[in-house]
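K.L.:
Okay, here's what each chain looks like letter by letter:
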Amino acid sequence: MQSLGINVLFEGINLQRLFGGLLVTVEIAFFSIAIGSLLGILMGLIRTSKSKTICFVCRIYLEVFRIIPILVWLFIAYFGVTRMFDIHVSGEVVAVVVFSLWGAAEMGDIVRGALESLPRHQMESGKALGLSSLGVYRYILIPQAIRRMLPGAINLATRMVKTTSLVVMIGVIDVVKVGQQIIELSTLRIPTAAFWIYGFIFILYFIICYPLAKWSKKLEMKWES
Amino acid sequence: MANKENNPVLLEVKNLYKEYDGRAALDNIDLSIHKGEVVVVLGPSGCGKSTLLRCLNGLEMIQGGDIIFYGESLTGKDVQWQEIRQKIGMVFQNYDLFPHMTVIENILLGPEKVQSRDRNEIMQQATQLLDRVGLLDRKDAYPRQLSGGQKQRIAIVRALCMNPEIMLFDEVTAALDPEMVREVLDVILGLAKQGMTMVIVTHEMGFARLVADRIVFVDFGKVCEIGSPDEFFTNPKTERTRQFLNIFQY
Chain A
1 MQSLGINVLF EGINLQRLFG GLLVTVEIAF FSIAIGSLLG ILMGLIRTSK
51 SKTICFVCRI YLEVFRIIPI LVWLFIAYFG VTRMFDIHVS GEVVAVVVFS
101 LWGAAEMGDI VRGALESLPR HQMESGKALG LSSLGVYRYI LIPQAIRRML
151 PGAINLATRM VKTTSLVVMI GVIDVVKVGQ QIIELSTLRI PTAAFWIYGF
201 IFILYFIICY PLAKWSKKLE MKWES
Chain B
1001 MANKENNPVL LEVKNLYKEY DGRAALDNID LSIHKGEVVV VLGPSGCGKS
1051 TLLRCLNGLE MIQGGDIIFY GESLTGKDVQ WQEIRQKIGM VFQNYDLFPH
1101 MTVIENILLG PEKVQSRDRN EIMQQATQLL DRVGLLDRKD AYPRQLSGGQ
1151 KQRIAIVRAL CMNPEIMLFD EVTAALDPEM VREVLDVILG LAKQGMTMVI
1201 VTHEMGFARL VADRIVFVDF GKVCEIGSPD EFFTNPKTER TRQFLNIFQY
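Protein chains in written order, with our numbering: chain A, 1 to 225; chain B, 1001 to 1250.
It should be emphasised that the hints constitute simulated quantities derived from the structure, not laboratory data.
Do not take every clue at face value.
[Said to hold, decoys possible] No farther apart than 30 Å at their CA atoms in a straight line, the calculated lysine-lysine pairs in the DSBU-like style are these:
(1) Lys1087(B) <-> Lys50(A)
(2) Lys1139(B) <-> Lys1004(B)
(3) Lys218(A) <-> Lys1139(B)
(4) Lys52(A) <-> Lys1004(B)
[As the list claims (entries may be wrong)] Taking beta-carbon pairs under 10 Å as the criterion, some of the chain B residues facing chain A (in silico):
(5) Gly1058
(6) Lys1087
(7) Ile1088
(8) Val1091
(9) Phe1092
(10) Pro1099
(11) Thr1102
(12) Leu1109
(13) Gly1110
(14) Ala1159
(15) Met1162
(16) Phe1207
(17) Arg1209
[As the list claims (entries may be wrong)] Have a look at the derived ranges for each label pair, beta carbon to beta carbon:
(18) Asp1137(B) <-> Met221(A): 24 to 34 Å
(19) Ile60(A) <-> Met1123(B): 27 to 37 Å
(20) Thr48(A) <-> Glu1072(B): 50 to 60 Å
(21) Met1123(B) <-> Glu220(A): 29 to 39 Å
(22) Asp1118(B) <-> Gln16(A): 28 to 38 Å
(23) Thr1238(B) <-> Met221(A): 33 to 43 Å
Virtual Cβ for every residue (Gly too), placed ideally from N, Cα, C.
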């Protein structure tokens, strides 16, 4: 059997379990990216505000998420906050909350950067046409900012997909955890199981992240021509 | 140019005062612009010409005096700038087209989203104006596919499509290749002949003399001299004006 280690993938319901785990990974990533992006855009708009206090608070928020490892955030939220306030939520929900807050901080910075990189006279010529501030943002600044921030945003999305693998640490059974379970069960019979299982997971992550990168390239090309 | 002094006053600046960080940028400016009149503002760089223009459509706040448009004051907090700016068109020095929109989308944005006008009707007007500036065939081009002179002509069309009562031109040829200056100035001259009220800030002396009904010479934030172009260029009243004009003559 040793020569056919790849069979470990097809034994019993292993494949089904791996895809089940993948679904958990994708779910957490999807909701985190969606919520994080929305909050991040809001955050980016707020950060272009002239108020020094608002900018300072947002800045602290961003730095706090950058400096403290996401794993520590997951622990604080899952073992700390939930116990402290006696809230009963699943690890998945905690993961989505933590990743969304992290995504919002990083996304906010990307949006702010994109908005601030636009020439000031774009705002002025919009106003000179009689557009309101809201109109200037809606028709002129945000469409241009989206084009500029896309590479950074996609990069963040793929980083978020990859970082979801940390949820194992708060007891969520994602694709990596399922893989570990299968390996533990079969490694005595099939010593190369780890290679095949992790290799398969490697391909799964690639299948999720590669289209994202490809899609952003395509949009960039489209907008450039 | 015919005498337009008897036309009603469209825009009036009274004792305007504007400062940046405690330094006066404009001081005690008085100026009346009559309907159909072309006023050219001249002066050395940094004298406040552009600032004056930007005050007229509320891009800069003023700290004293008053600006009166159609009998209504444009100072105070409850000025409806979005309404006013539709009537005061402005073209800037930097090509200010929106790069993510085609020429025609640039032109339609204001009339459609701000004035909520009928698309067909705007299209008709836009087509006519584009034809007049010789750029009808570029209506689906993106700004980056246009030369500087073409961009400025489009920016003028975009402002005109709002049907403004008055047009402000802020050194619209200053950033252009010399070869392209003429095509833009020709468009402005055409507008003057049609009776458009305009305030023009420029460094093109020959053009100023040709297009202006009145020249306003500004230095250190103050009006030094106001007069007809002939008077101004041949017989300037102040020593400062003479110095300024000398710089432009080799």
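K.L.:
Compare the structure with each hint and give your call.
P.N.:
Taking the hints in turn, this is what the structure says about them:
A hinted pair counts as satisfied when its Cα atoms are at most 30 Å apart, and Lys1087(B) with Lys50(A) qualifies at roughly 29 Å. For a cut-off of 30 Å, the pair hint linking Lys1139(B) to Lys1004(B) is broken: about 36 Å separates their Cα positions. Pair hint Lys218(A) plus Lys1139(B) holds up; C-alpha atoms about 26 Å apart against a cutoff of 30 Å. Annotation: proposed proximity of Lys52(A) to Lys1004(B) is violated, straight-line Cα distance about 50 Å (limit 30 Å).
Hint status for Gly1058(B) relative to chain A: holds, with the closest Cβ pair at about 8 Å, below 10 Å. This hint holds: Lys1087(B) has a C-beta 9 Å from the nearest C-beta of chain A, less than the 10 Å allowed. Because the closest C-beta pair between Ile1088(B) and chain A is about 8 Å apart, less than 10 Å, the hint holds. A distance limit of 10 Å between C-beta atoms decides the matter here; for Val1091(B) the minimum to chain A is near 8 Å, and the interface restraint holds.
With a cut of 10 Å, the hint placing Phe1092(B) at the interface with chain A holds, because the nearest CB-to-CB distance is about 6 Å. The criterion of a C-beta within 10 Å of any C-beta in chain A is met by Pro1099(B), whose closest approach is roughly 7 Å, and the hint holds. The closest approach between the C-beta of Thr1102(B) and any C-beta of chain A is roughly 13 Å, which is over the 10 Å cut-off, so the hint fails. A hinted interface residue such as Leu1109(B) counts as satisfied when its beta carbon comes closer than 10 Å to some beta carbon of chain A; here the least separation is about 6 Å, so the hint holds.
About 4 Å separates the beta-carbon of Gly1110(B) from the nearest beta-carbon of chain A, less than 10 Å, and the hint is met. Restraint check, Ala1159(B) versus chain A: the minimum CB separation of about 8 Å is within 10 Å; hint holds. For Met1162(B), the interface hint holds, the least distance from its beta-carbon to any beta-carbon of chain A being 7 Å, beneath 10 Å. Evaluation of the Phe1207(B) hint against chain A yields a violated restraint, the C-beta minimum of about 22 Å exceeding 10 Å.
Contact between Arg1209(B) and chain A, as hinted, is not supported at the beta carbon level, the nearest pair being about 28 Å apart and thus beyond 10 Å. Distance hint check: the CB atoms of Asp1137(B) and Met221(A) are about 26 Å apart, consistent with the given range 24 to 34 Å. As the Cβ distance of Ile60(A) to Met1123(B) is approximately 51 Å, the hint placing it in 27 to 37 Å is violated. For the hinted restraint 50 to 60 Å between Thr48(A) and Glu1072(B), the CB-CB distance of approximately 32 Å leaves it violated.
Range check, Met1123(B) to Glu220(A): Cβ separation about 31 Å, and the 29 to 39 Å hint holds. At roughly 59 Å, the beta-carbon separation of Asp1118(B) and Gln16(A) lies outside the given 28 to 38 Å, and the hint is violated. The given range of 33 to 43 Å is broken by Thr1238(B) and Met221(A), whose C-beta atoms sit roughly 59 Å from each other.
In summary, the structure is inconsistent with hints 2, 4, 11, 16, 17, 19, 20, 22, 23 from the numbered list given earlier, while agreeing with the others.
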